[in-house]
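Here's the letter readout for the chains.
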Amino acid sequence: MLRDMWLITVKDIRIELASRVVAAQILPFGLLVLILFGMAISPDLAVVGPERRSVLEEIAPGLFWITVLLSSLMALGRSFAVESADGNLDAILMAGMDPAGVFLGKAGAVLAQMIAVEIVLGFGAFVVFGAPIDDPGLLAATVALATCSIALAGTLYASVGAGLRSRDTLVPLLALPVLAPVLLAATMATRDALFTDATVAGWPWAMLLAVFALLYLGVGMIAFGPLMEET
Amino acid sequence: MSNASSSTRDNNSSRSVKVVQLRGAISLINTFPALAGVDLDVSQGEIVLLRGPNGAGKTTLLRLCAGLAPLSGGQGFIGELDLSDRAQRRSVRQDTGLLGHKNSLYDELTVEANLRFWAKANRLDPKSVEPVMDRLALNKRLRSVKVGALSAGQRRRTALAVLVCRRPKLWLLDEPHAGLDPAGRDFVDDLLQHANSFGATVIFASHDIDRAQQVANRTVTVVGGLVKGEGPVENVA
Numbered sequence: 001m002l003r004d005m006w007l008i009t010v011k012d013i014r015i016e017l018a019s020r021v022v023a024a025q026i027l028p029f030g031l032l033v034l035i036l037f038g039m040a041i042s043p044d045l046a047v048v049g050p051e052r053r054s055v056l057e058e059i060a061p062g063l064f065w066i067t068v069l070l071s072s073l074m075a076l077g078r079s080f081a082v083e084s085a086d087g088n089l090d091a092i093l094m095a096g097m098d099p100a101g102v103f104l105g106k107a108g109a110v111l112a113q114m115i116a117v118e119i120v121l122g123f124g125a126f127v128v129f130g131a132p133i134d135d136p137g138l139l140a141a142t143v144a145l146a147t148c149s150i151a152l153a154g155t156l157y158a159s160v161g162a163g164l165r166s167r168d169t170l171v172p173l174l175a176l177p178v179l180a181p182v183l184l185a186a187t188m189a190t191r192d193a194l195f196t197d198a199t200v201a202g203w204p205w206a207m208l209l210a211v212f213a214l215l216y217l218g219v220g221m222i223a224f225g226p227l228m229e230e231t
Numbered sequence: 001m002s003n004a005s006s007s008t009r010d011n012n013s014s015r016s017v018k019v020v021q022l023r024g025a026i027s028l029i030n031t032f033p034a035l036a037g038v039d040l041d042v043s044q045g046e047i048v049l050l051r052g053p054n055g056a057g058k059t060t061l062l063r064l065c066a067g068l069a070p071l072s073g074g075q076g077f078i079g080e081l082d083l084s085d086r087a088q089r090r091s092v093r094q095d096t097g098l099l100g101h102k103n104s105l106y107d108e109l110t111v112e113a114n115l116r117f118w119a120k121a122n123r124l125d126p127k128s129v130e131p132v133m134d135r136l137a138l139n140k141r142l143r144s145v146k147v148g149a150l151s152a153g154q155r156r157r158t159a160l161a162v163l164v165c166r167r168p169k170l171w172l173l174d175e176p177h178a179g180l181d182p183a184g185r186d187f188v189d190d191l192l193q194h195a196n197s198f199g200a201t202v203i204f205a206s207h208d209i210d211r212a213q214q215v216a217n218r219t220v221t222v223v224g225g226l227v228k229g230e231g232p233v234e235n236v237a
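Taken in sequence, the protein lines are chains A and B.
Just so we're aligned, residue 1 is where the first sequence starts under this note's numbering, counting upward by one.
Just so we're aligned, residue 1 is where the second sequence starts under this note's numbering, counting upward by one.
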């Protein structure tokens, strides 16, 4: 299983390095969304309270994770487009690769790509929204766990639509409701990581993200094989 | 020459071993019966041409034999393996090679990277791709070219190289001549005959009947998801 996982992850990353879709399309898309949020919500709108933060600063965690979520949908779509474009899923089945290994490999490649995107988006969010960082450890854990959850659940749902002509519209429709709890937990944990006066405790939300990641990991490893056979 | 004679003798003696046995085989694609009760026997060492109009069920028949399409009704065996059993269906794929309409290659990777990836995926020694690349003339200029930049014929040749690396016992090919120039078609024919000389069984679908009949030793006509006729090549009009 680990051998197949490594093989698929390395192959997908090599494809990305050769095609630069993440660097040339997904990353600019994410940055554009961040800038559009910044333009749509005036930085002059101030929240009433002792900290006198702007509205943009206050809702920055949610905007960041919505941007990550939208960007990840593109990465997930791309991840399975390279497999279905030339009938490669059939060849993977014919090769007898371990379905759990293939699932982990696809998710691993998406995870690596999304972490790279998030580093740049995080810097962009800092520039556009101007939010400070209070707890870097909590922020790093939140980013890692939320991205794992998004990559694992997203890979599972992207595989459902892999063989369908309507996959581009179907996959977001299937994945977004499942990823909504991840968005909520990631936003709450990020709020605590950014603001000293946050009214939420971030670590319990981060733990919830860990539970989501483990849940999607287990379901994905079990369900991916039958899904590939049916696709 | 003597090797060729002995392998031909071996082929003749192994003809009685059934590689494919289908009895009333039904395969549903969603709810559509792509195969509606196919009866077919293929013996080891045969080269069988599947012919028939578009939508007749040739592709589904090949996918059924590869263990990819489901057996929804009837009986089906590839060797001793029962196609109605999911686990055995997966086992069928180990010794079976399928070249479908699509080539199963990654456009963004080079010819060599594709071959090495599929060799590793099939648990083969990555070094085993070298002699195959030599044989299929992929070892020089094309070696480091991305598959997306290749012509249709060169892509097909690369896909065939993946198949050759696997050394399957049962070769299933869907329109292997499609998109190839005459030299490429000759090459495919030679490849099939070479594999067959080493005991491989070949089933292929083709619309290039004149050429295909020169390679095949039996023709099976598929129409409307059923086998409508079969016989030696010379008896088929």
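Just so you know, these hints were derived from the structure itself, not from any lab.
Do not take every clue at face value.
Subject to a maximum C-alpha distance of 20 angstroms in a straight line, what follows is the list of computed SDA-like cross-link-like pairs (lysine to any residue) [claimed, not checked]:
(1) K146(B) <-> R78(A)
(2) K169(B) <-> I26(B)
(3) K228(B) <-> V17(B)
(4) K102(B) <-> D41(B)
(5) K146(B) <-> A18(A)
(6) K102(B) <-> V120(A)
If you want the footprint, here are the derived chain A segments under chain B, 3+ residues with CB under 8 angstroms [what the hints assert, rightly or not]:
(7) 10-18
(8) 81-89
(9) 93-106
Ideal Cβ positions, reconstructed from N, Cα and C, are used throughout, including at glycine.
Hint check results:
1. K146(B) <-> R78(A): holds, 18 angstroms
2. K169(B) <-> I26(B): With Cα atoms ~24 angstroms apart, K169(B) and I26(B) exceed 20 angstroms; violated.
3. K228(B) <-> V17(B): violated, 23 angstroms
4. K102(B) <-> D41(B): violated, 26 angstroms
5. K146(B) <-> A18(A): holds, 9 angstroms
6. K102(B) <-> V120(A): At roughly 37 angstroms apart (the allowed maximum being 20 angstroms), V120(A) and K102(B) break the hint.
7. 10-18: holds (count 4)
8. 81-89: holds (count 5)
9. 93-106: Since 5 is at least three, the answer is holds.
When the structure is compared with the earlier hints, violations turn up for hints 2, 3, 4, 6 and for no others.
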